[in-house]
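Using the numbering used here, you'd call the opening residue of the sequence shown number 4 and step up by one each time.
Just so you know, the hints here were simulated from the structure itself, not pulled from any lab data.
You may find that some hints are simply not true.
Unchecked claim - Below, in silico cross-link-like pairs of lysine-lysine (DSS-like), each with a Cα-Cα straight-line distance of 30 Å or less:
| hint | residue 1 | residue 2 |
| --- | --- | --- |
| 1 | Lys533 | Lys481 |
| 2 | Lys71 | Lys425 |
| 3 | Lys533 | Lys611 |
| 4 | Lys251 | Lys140 |
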Amino acid sequence: MKKFNIRKVLDGFTAASSSSSATAQPGAPKENDVVQETLQSEHFQLCKTVRHGFSYQPSSMAFDPVQKILAIGTQTGALRLFGRAGVECYCQHESGAAVIQLQFLINEGALVSALADDSIHLWNLRQKIPAILHSLKFNRERITYCHLPFQSKWLYIGTERGNIHIVNVESFTLSGYVIMWNKAIELSTKTHPGPVVHISDNPMDEGKLLIGFECGVVVLWDLKSKKADCRYNYDEAIHSVAWHHEGKQFVCSHSDGTLTTWNIRAPAKPVQIITPHGKQPKDGKKPEPCKPILKVEYKTTRAGDPFMVLSGGLSYDTVGRRACLTVMHGKSTAVLEMDYPIVDFLTLCETPYPNDFQEPYAVVVLLEKDLVVIDLGQIGYPIFESPYPLSIHESPVTCCEYFADCPAELIPALYSVGSRQKRQGYSKREWPISGGNWGQGTQSYPEIIITGHADGSIKFWDASALMLQVLYKLKTAKVFERARGKEEKPNTDIVDEDPFAIQTLSWCPESRMLCVAGVSAHVIVYRFSKQEITTEAVQLLEVRMQCEFSDVDSPDPGGEQTPTPSTPGASSSPQESEPFAQPPAGSNSSDGPRDNIPCLQLRSSPLKQFPGYQVELVIQLVWVSGEPPQQITSLAINSSYGLVVFGNSNGLAVVDYLQKTLLLNMGTSELYSPSDPYQRQPLSPRRGRQPSGALCDSNDGSNTSEDRCKSPTSDAKDNSFTRSRSSSVTSIDRESREAICSFCFCESFPRKSDSLVSPCLLVGTTQGFVMMVALSLPPGGDQRLQQPVGIASCGTMVRLKGGILTMALLDAAGTLLPPSYEPWYDPNASDEEKEKSRKRRPASPHLSQEGQDAQFAVLCSEKQAKVVALPSQTRIYKHNITETSFVLRADVVQMAGANCIACFCANGHIMTLSLPSLRPLLDVNYLPLTDMRIARTFCFSNLGQALYLTSPTEIQRITYSQETCDNLQEMLSELFTPVETPEAPNRGFFKGLFGGGAQSLDREDLFSETAAGKASRSLAQHIPGPGGMEGMKGAASGVVGDLARARIALDERGQKLGELEERTAAMMASADSFSKHAHVMMLKYKDKKWYQL
């Protein structure tokens, strides 16, 4: 989580220096005295905070049995560390090379990583953001296997050439002691044994090293005598080796699916050969070969039979069978099927000592797209329920929204309904990966992340305090019929696969109303309820939106403009339009083009809806004259008005979800005002007539074409058309169809002449036009359900460069005016309870005195931002955000008690602009757009938070708040906690008496420079890590630092005492030698005379 150096922009930039321009219009307030702005550049800084989700493309794994921390390495050089729920950490190797192996320095707060680029790195985990202390890059040999014995500082490294080098992990220097392959194998062997695939020391004798070569040769190497004690040969290639804890036997897994058990004193042949998944022939012949057993682990227990856990080894005739983990315990063999291929697995044991009974209690299985932990202590081997958010990618994420500072009661409400969705059958025991401590964060506000997925599901996540936990899952596909076979394929012609995928969503946290749009041109409105109901028939509204050009010639833009005759055609009833020359019912026959049918078939059977989000209304766009409906590009819902609005490249539609009627279905060109826009009649349905969006039950498929929604214009012919606009905008021929891309419900001034606010809808298009639509709402209560809602287009307000991304309103003091909302009530509760909470939130009465503006409209497009004063509609500020790139995402957010615009550009820049003056406050070159996934999922939220999907399985959260960056260290979790190492196993009286216990080895005597000499300088290059001294200083704080200092002091004292003892012994030996020499000389010359000398 490195911080980024940012280019802070000085406050008060002039128009010439910052490419922003402000012009004062008549009647508009002056630039410098509009609003007193409090946000400054000092409030902003950009840094990564946390990464959630499953490690993308995992490649290796390690576990510290004392600290109880799990590490996962990936093919892209990433490192993820997991402890208890909420304890997660992400690191990245700069080279980006795949992590081929990980080794913990058990209970030392350090980790060694070996990479595919033949480098090894030492990570310091005693600080909240781990850093590399040392690196060693091999130049001449490829690393294939590493082994670090428990409580040893000497790391064994096997290479592709078959050699073994030894590294001091304290100094990260090579020892001169090398085990060459030609010394290890028999001299009579003519072929190279292949790469080293296994290294381990005998659990009972540290002086004996077991080396496995790929060809099938295993060598027991005596470190002291520097020669091979025994060699074990087998015809099949070796994949892994595992010791029995007594050090008398070991097991090898082979490429033909066999397991061979060897006695270390009988190298001639294996004690046992078994093929766990092989069919045993009756005639006693060798069983048929199986797939390779990629890994085997052999773990013993005091009270019963040992466990043998292995991956792979299935028979070749099990084609299409999923990957399996096999657990052999005594006479029973359990084959556990996995959802994805197995990358690696580890057996978790009670003791870190390899020479003690292992007592395995769980198996961690790393799959390509999941992490599974199996409980070995319960019958049936159930899995543990994972506390980590690893199911983000359960179905690919298609959209993402982030809500910081939500209503406090939302998370408990969602958790309450979501807890009923949990699977049963999990292990009753606690999650075994339980290391680390939570951070002491100061952020206490609720945060919710919503993810939409390709299978139509929507997940709500609690993202508070840098954690992530799934709250509730909604399956939108339940309202549609699913195809049961390949022949019965649904009408999903506009998408080849994933017809239920979520395209966009709109959520009102206060009212809990949810509206989602899918790729099959469908919109679903949901209400939140705590009670279960059964819906006999889901209510459906079908809308016919088609390309909007008309047979009627458009008026000359230079002359007097009048509405086209088809303008009232957004009119409410199909009877007012000419009947279409199509079959009377929705058809898909070969006789004519497909018409009046939706892309998905609604569910016909009753729908049982559990507590949580329940379907209120389904809206589907239908085929028009053989043309499929266009995908929905924008969506908004307002609970106070009871309206849903959505748009695409054909236009926009407004739906009253309370009355279940279509209010407006208008082509984009008709939104542009004619010469006298105020003479247009409100486009609302007339009571007593069927609305143009036919409301039908899900089991009623007999609607005629007259019951379907009609477009206000005649049939589509091609994509070229001329639009009539107000005098301020000329007619423009466009190569591409203009789409609706942004909405904003608000209480504002629809027209320049208005002095009172009223409900409005701001509409933004891909061509940069912003239009105002006035809404006329009936009174509340029963009248709201009976009287129609009036709608009138008020024409173009302003135009920006590029498509409109976001729109918002500020009051005269610069305070954000959020859309009005209706407080949440349970739709299935009693009428009395509904009435208590169903009071529309009154809009604040913004009065505009003559000649004064009372609001600011904040508008941001792909290229620029503008602030427009209302009701005068005069532009007072403009800022060109980018000339060479374009903005992908923009949001008006609250920060440090004020508001700003946050932008993410395609060139990787993240920027913020003050409001309303649009001063640049932050500009950081953070992340170039390398994947459309980032563009699709990047979103900002309040209080300086943002996120995006950094890989198909991971969410990266970032902050642009200086305060959050300053407090990040406190908020992050701790990976290392001081824990005493368990006592070594007791050797017992007789073993101690007769020497049957574990044999220790002073490796310093063998591997140090004085004993083994210096290693070749050209073999590997030492690279000091950036976290060297800083990491040690970080570790030297608090209790951990005290323990570390005490241990270092004891080590230094012991070293000095050892040196003193050695010097004393050397002096005594020297004195003894001198005494002997003196005595010999005395005897030699004792009886001689002086002249005989």
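Hint-by-hint comparison with the structure:
Among the hinted pairs, Lys533 with Lys481 is consistent with the structure: their alpha-carbon atoms are about 19 Å apart, no more than 30 Å. Proximity of Lys71 to Lys425 is assessed by CA-CA distance (about 26 Å); at most 30 Å being required, the pair is judged to hold. Between Lys533 and Lys611, the direct Cα distance comes to roughly 14 Å. Compliance with the 30 Å bound is thereby established for this hinted pair. Simply put, Lys251 and Lys140 have alpha-carbon atoms about 36 Å apart, too far for the 30 Å limit, and the pair is violated.
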